[in-house]
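Note that the protein sequences, when read in sequence, are chains A and B.
Each residue of the first sequence is one higher than the last, beginning at 2 in our numbering.
Each residue of the second sequence is one higher than the last, beginning at 2 in our numbering.
Any given hint could turn out to be false.
For chains that are exact copies, the list does not tell them apart, and a pair is met inside one copy or across any two.
Listed below are the simulated DSS-like cross-link pairs for lysine-lysine, each with C-alpha atoms no more than 25 Å apart in a straight line [to be verified]:
#1 Lys284 x Lys79
#2 Lys174 x Lys79
#3 Lys95 x Lys123
#4 Lys61 x Lys29
#5 Lys174 x Lys399
What the hints contain is simulated information worked out from the structure, not anything from laboratory work.
Protein chains: 2
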Amino acid sequence: MNILVGQSGGPTAVINSTLAGIIAGGIKSPKIERIFGAVGGIEGVFQNDIIELTGFSSAKLALLKQTPSSFLGSCRRKLGDEEEAYIKIFEIFKKYDIGCFFYIGGNDSMDTADKLNRFARKIGSEIRICGVPKTIDNDLAVTDHSPGYGSAAKFVANAVRSLALDTAVYNMKSVVVLEIMGRNAGWLTAAAALGNDSDVLATDIICLPERAFDPDKFLEKVSNIESGTAPIIAVSEGIKDRFGNYLGESPSLRQKSDGFSHAALGGVGRRIENLISENLGIKTRTIELSTLQRCYAQCASERDICEAFDAGFESVRLAENGESGFMPCFKRIFDNPYKIEIIPRPLSEIANYEKTVPDNMITADGMGVTQDFITYGSPLICGEPNHIYENGLLKFIKR
Amino acid sequence: MNILVGQSGGPTAVINSTLAGIIAGGIKSPKIERIFGAVGGIEGVFQNDIIELTGFSSAKLALLKQTPSSFLGSCRRKLGDEEEAYIKIFEIFKKYDIGCFFYIGGNDSMDTADKLNRFARKIGSEIRICGVPKTIDNDLAVTDHSPGYGSAAKFVANAVRSLALDTAVYNMKSVVVLEIMGRNAGWLTAAAALGNDSDVLATDIICLPERAFDPDKFLEKVSNIESGTAPIIAVSEGIKDRFGNYLGESPSLRQKSDGFSHAALGGVGRRIENLISENLGIKTRTIELSTLQRCYAQCASERDICEAFDAGFESVRLAENGESGFMPCFKRIFDNPYKIEIIPRPLSEIANYEKTVPDNMITADGMGVTQDFITYGSPLICGEPNHIYENGLLKFIKR
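Please construct the entire structure, taking both the sequences and the accompanying hints into account.
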C-alpha cells in the first residue's frame, strides 16, 4: 500500500511538522511501501503533480519540522458536488496505488476530506481518508486545539510583550493598536493576554470578533488607561459593530472616526487608531502583525511542533489499521501538568463548523479574556525548540 | 567615585545589554563605589530622577541582557547652547559624586555627550564623559558597526526568509513589499539580503535611501520576476524620488500610482504596492515590519548581545583610567574568522555624522546589494542566545 499527503489553506509554522510526522509514520510502517505528496493540495492531485517522499532521511525530516509554510504548496480549491472531480481524483489514487490519503488543513480541507470519504464509501473503494488539523485560527471543532495555533499564539504573546516595553520608554501616554489575524474566531487575538506575567502587563484591552464592538464603552476603557503606562490594545481583524458589519465597513463608526472612504484607509487597526486619536487626543499607532504571526518559525512553540508531528504520525497508524473519515483530535486530560490524548473523531462532526471563543473565556465587559482562557492557552505556547541555524539563519528545506 | 548612566533615543533589542556591561564593569572596578541610572535619559538628570543600580545581582544582569527596550527609559531631548542646562546637569553630577557619565544612544546622544564633555573641560571639571553606541540604523560614523544593528538585521533576515516561503505556497505570481526602518541610511533594509542562502532566495530587489527611486526601472525589474516565485521586495521607509522627496510625499509618483492624497495612504510600502498592482497587475501586499524589528529580542543575535555588553564594560574600564569625550568603536580585524577590537575614538569625530551604505555595497542598478555587503553583514547576525524563558515567554526585567 502507498500513501498520499497534501497540504491546504494558509501556511503555519508547524504544518510541515505534521507532514514530517506522516512521512515518519509511513517510513516506520511495514504495511506502507511508498509515500507520495500532492503539490498544491487537491489541485496537485487533479493535475497529477505528485512527488515521492519515501526516501526522506532523518536529517531532512529534522529540517522539515522547523520549516514554516507548506513544503508541498497549497491551494484554496473547495470540492463541489460534480462527480467528475471525484472520479478524476480517484483515478489518480488508483494510478499511484494509494491506500490512504491524508489532507492537512483547516475547515475547508476537512470538508474536502469528508466529501472524499463519502465518495469512497459510495463507490465501495477501500481507500482511507484522513483530515489532519492545521490552523492558526484554532477554529476547528471537537479538538481541544489545532496544530499551528500554539506557535502563532506564542509569537503574538511574545510580540505584545516586547512591544509593550518598547512603547513605554518615553514618559507619555500613548497607545499601540495591534491588529491580529482571525476573521470570525478570536483565539489568536486572545493570545495577546498570554504575554502578561508578574513583570509585564503587556495588554489589558482585547477586542474579539465574538463580541460586538461598542465605540463608547471602548473609548471609556481606553481613557482610563493610566498615564505613563503604555499597554497594547489587541484587536482582531474580524471585529464587528453591533449591526454585524466588519469594522472596516461600518458606516456608523466611519462617521464617528473620519470622513474618508474606507477603501483609502488601512484595516481595522487603523480605523481604531483614528477613533482613539480623534476622540481622546492620545498618541496612537497601529501595528499589523501580518503574516509573520503564522510563519515566523524562529519562535515556534516546541509543544506545538511536537503535537503537530504526533497528529501526523498517529493519523498514519490509525489509517493503516482501517480507520477512515476521521480527524485526529486532541483531548485534554489535564491543564497542569498538561496532558492530552489523540483520538480519532468523524470528519462529519468537524467539517463546516467554526469553533469560536466561548463565553466563559471572555470578560463581562467583552474587552478582555478570563482566567479560563489563560488556563487553556498557557500550556500551548510552552517549550523552546532546539532549532538548527546556520550563520544566524534558521535552516529551511524546499522541495 | 560613582558613575551615572543614561539611555537615549529609540529602543533596541540590546541597549540593555550595554547597560548590563556598564553595571558589571562598575561592580568589578575597585575605583567605583556606586552606580546610578538616570530615568528617561538626560531628562532624568534634569529632573533629578536617579535610581541606584549598585546592588544588581548576576541573575538580574542576565535578565537585563535579554530585555529589549530601554530599562531606564528614554528621551529625545537634545542639548542646545544655553549654559543653564549644563550647569544644572553638573550640579546633579556633583550631588551624586559622579566621576564618569555614560550616555548610551545614537547620533543625537553622541552630540549630547560631546557637548557635555566640552563643557566639563571648559569649567575644569574632572568628570569623564563617554558616549556608548546604540542604533538599529547602524549610521554611527567611525565604528565598523553599532550594537543593536546585528539583532535588528537578524530579525529582518529571518523574517524575509519566512515570508518568502509563506508567499510562495500558492502557484501564482505575487509580490510582497516589505517596508523596513531607516530614514536616511539603508543598512537595515540591506539586511534583507542576508536572508538568502543556497536553499532560499528570499529577496532580490532592495531599495535603499542611498539611491533615488526610479519607478520605470523598478517596474521593469519587478516585471522580470519569474512566475511561480514570490520574492520579497525590501524597501526602506526613507527612499526618495530623483528630486530628493520622500516617496510618501512625491507628487510625480502619486500621479503615476493613484489619485488619492497621500495622507490617506499608508507609508512608502503601500505606495509601492499601488505602483506595482496598477501598472503590472500583479497581486501585491505590503508588510510593515514595524517596531518589532527593533524590539523582538527573542531572535536577537548572540554576537550583538555580547558586543553590546562588551562596549559597555570596556567603556567603564577606559573612563576609570582617565579617558573622556570618547565613544568605544568596533574596529574590524577579520571578516572570517570574524574578529573585532574595541578602541576609543573622540566623540567630535562621530557626533552629527550619518554613515550611509557606501557605493561598493550597492549594485550598479541601485536595487540590490553586493557581496561586499554580505561579507560585512553576515557575521553580525550570528549566534543564537541561550535565553531564559518561563512558560513560553522570554523573561524580562523592569525597573
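With identical chains treated as interchangeable, where does the CA-CA distance between Lys174 and Lys399 reach 25 Å or less: within a copy, between copies, both, or neither? Result: close only across copies, 18 Å inter versus 46 Å intra.
Within a copy, between copies, both or neither: where do Lys174 and Lys79 come within 25 Å Cα-Cα? Between copies only: 21 Å across, 48 Å inside.
Taking 25 Å as the upper bound on the Cα-Cα distance, should Lys95 and Lys123 be classified as within, between, both, or neither? within (16 Å within a copy, 90 Å between copies)
Identical-chain pair category, Lys61 with Lys29, by Cα at 25 Å: within (16 Å within a copy, 48 Å between copies)
At most 25 Å between CA atoms: does that hold for Lys284 and Lys79 within a copy, between copies, both, or neither? Cα proximity of Lys284 and Lys79: across copies only (21 Å, versus 44 Å in one copy).
Every hint, counting from the list given before, is met by this structure.
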